[in-house]
Amino acid sequence: MADRLPCVVVVEDDKQIRRFVRSTLESEGCQVFEADAARRGLVEAATRKPDLVVLDLGLPDIDGLDFIRDLRSWSEVPIIVLSARSTEADKVTALDAGADDYLEKPFGVGELVARVRALLRRHARGADGSAQVAFGGVTVDLSRRSVLRDGEPVHLTALEYRLLSQLLANAGKVLTHRHLLREVWGPSFVESNHYVRIYVARLRQKLEADPAQPRHILTETGVGYRFQP
Amino acid sequence: MNSDGLPTAPLVGPDKPSLARYVVAALACAGTAAIALPLREHLDVANVVMLFLLTVLLVALRAGRGPAVLSAVLCVLLFDFLFVPPRFSFAVADVQYVITLGVMLAVALITAQLATRLHRQAALAARGEREMRSLYELARALAGAVSVEQVAAIALHFVEQAGGHSAALLLPDAGDALVVTNAGDAKETHVDTRLATLSYRKGELIAVKALDDDAGHAVSYVPLKAPMRVRGVLAVVAPRSGASQDAVGGLLTTFASLVGIAVERLHYVDVANEAQMAMNSERLRTSILSALSHDVRTPLTAIVGLADSLTLRKPPLPDDSRQAAEDIRDQAARLSGMVTNLLDMARLAAGRTQPRKEWQVLEEIAGAALQLLGRALANHRVTIDLPADLPLIEFDAVLIERVFCNLIENAAKYSPDGSTIKVEASVDDGFVHVRVVDEGPGFPAGREEAVFAPFVRGQLESSIAGAGLGLAISRSIVEAHGGTIRAINRPGGGAEVSFTLPLGSPPMIAEEPDHEPWVATRG
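Chain order of the listed sequences is A and B. When the letters of the first sequence are read in order and numbered with the numbering used here, they come out as residues 1 to 229. When the letters of the second sequence are read in order and numbered with the numbering used here, they come out as residues 1001 to 1523.
Rather than coming from a laboratory, the hints here were simulated on the basis of the structure. There could be a bad hint or two in this list.
[What the hints assert, rightly or not] Computed list of lysine-lysine pairs in BS3-like fashion (alpha-carbon distance at most 27 Å, straight line):
1. A:15 - A:49
2. A:15 - B:1314
3. B:1225 - B:1202
4. B:1209 - B:1225
5. B:1225 - A:206
6. B:1422 - B:1357
Sequences are here, hints too, so could you generate the full structure?
Set out below in structure tokens:
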């Protein structure tokens, strides 16, 4: 990331939205390539080897979900979905298909920048594998499996720790209930969303300054959770 | 004598001998005598007897039992009088002839009897065939019927054709009360709806005998039994008191059941059609709503985004231009919120939004609402104070989050900057009660209920932004969850909007054995 500009492919059929996304990303120091349709977008994604793909779900030629599945079959590049669809089921489908995050239209520059930065950071860090994560007075040492809050050890159960490490490992990314259940509890729990809710509430109780208004373990209502360092 | 099923009226034949038949029988006997008399010299007496027996047989076949008996007696008398010596007297000279006459009478009577029975059986067979044919015709006609009115017309036509009766078809209306669908010639005055209803409810045939003072109408109420249920009642009015209600036999029951099956078939066709239409209109509505949602949001997204990037431009724009760009951004965002509200209202008003209920942590959803509102709450302090032991509650997180957003945003809009908005909850009587309390001026007195109607705002003509849909949407959502919502002014000042959600019985949580704590002191 140091020697070259991060490269972003924007797949969006509306010219004005494309222009605004482009100018925002360029002011963030990204190199931007545009595509106005899904097929063209796939070609761009294959040739430019981007660090991030910004994808509008409502494209004229191919359904956005098929685009994600196609791209995911040969690339791990982070995908942010721009969605005018407002039902949570659509977002969950896109995330389960392999998208990393979504922005509901309309969105501001600030939101876009925050999401893009988080995903680029995670993508860049991919190989680095730092053992220490710190947020809001909490330090997690992944190699030693220890959690400190304001220097004091915090007692986490095995499941609480597994849930936390899932969230930390996917910082900035929206994790669906289904994903968390599968990764933390195992495949037989995928219909038990309330387990995730209860354990997230316990984690917040132990790690957040105000558990009712969390700053780091954020709720994406109807979709899942997002960890924000 | 009219003793059997419906189409008996045309079946007079041997059962109803008229005087003419007796005359014909007598003439036949006289004719035979007239023919035999000149041939007396050439014919053996035994052959004359044969001629007479033949006559009796023919009369029995053609004219029925009574005339046959008459002709049997007449023939014996004529034979005795004209052919048995001494002639022209009923006296019998030879005792042999007594036997001849006796046997002749016996044979004639038996012949008459047998012939009549034969005739009757043939007639019965013919009638059975006619009945079958008429049922078949009815079934065929009903199979082609595409409306209840058509079924009624066909049924009445067949009843009238078959029996000369008139009839009325009574079918249940939306409230399951019987209504005369098609009375045909049967005047409604003959049909007693109470009796028809009784027959309909019990599924039994009710026959009313003709009363002397009732202009002599006998009415039968036949339930239309179909496989699933009784579909209505066929009232058959016999034309004259003479034709008794015995006319209601197996045929009429079968007949009514055919009509019932036809009515049931049409009922299910209607049900299928309605389902199809509801599906089509729902599909149309959904596609219009989502197209609208997409087509309006795309330009709004461009406006919000482009205006927002102007405000962040480097080097910065002059202050007034930047302010204008911010206003454009905020107004476009507001417009987008209104579109969302309108679309939600349309969906909720159509009653098609089924809450996707899951067991939720209430605190999490209240917190998520605050996070969503973000900037709108910059000038207020919000506290969330929920009981620590609040159980899981089953609701649609997205919808209840909307309720929280609407209520808290309203509170922020209508209360002074720097004041506190409190979100509280308590459990009582099988419900969780959630309250959003502000320190503002409260609702105009007497309008606490009206604010829940769409496009009504607490302060009329106020300058505060909002399309007046927030509370209406909140009410629809809460009611879809089986709860209630209400607004009051607190005695100490400030507005309070509270809603309830049913508690239900939360699922069990399998707790993990906590013997492996990951604490910092490890390793």
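Tested hints:
Proposed proximity of residue 15 (chain A) and residue 49 (chain A) is supported: the alpha carbons are some 23 Å apart, at most 27 Å. As the CA atoms of residue 15 (chain A) and residue 1314 (chain B) are separated by approximately 23 Å, the hinted pair is consistent with the 27 Å bound. For a cut-off of 27 Å, the pair hint linking residue 1225 (chain B) to residue 1202 (chain B) stands: about 11 Å separates their Cα positions. Simply put, residue 1209 (chain B) and residue 1225 (chain B) have alpha-carbon atoms about 23 Å apart, close enough for the 27 Å limit, and the pair holds.
With a C-alpha separation of about 69 Å, the suggested pair residue 1225 (chain B) and residue 206 (chain A) falls outside the 27 Å cut-off, and the hint is violated. Taken as a hint, the residue 1422 (chain B) and residue 1357 (chain B) pair is honoured in the structure, with Cα atoms around 26 Å apart against an allowance of 27 Å.
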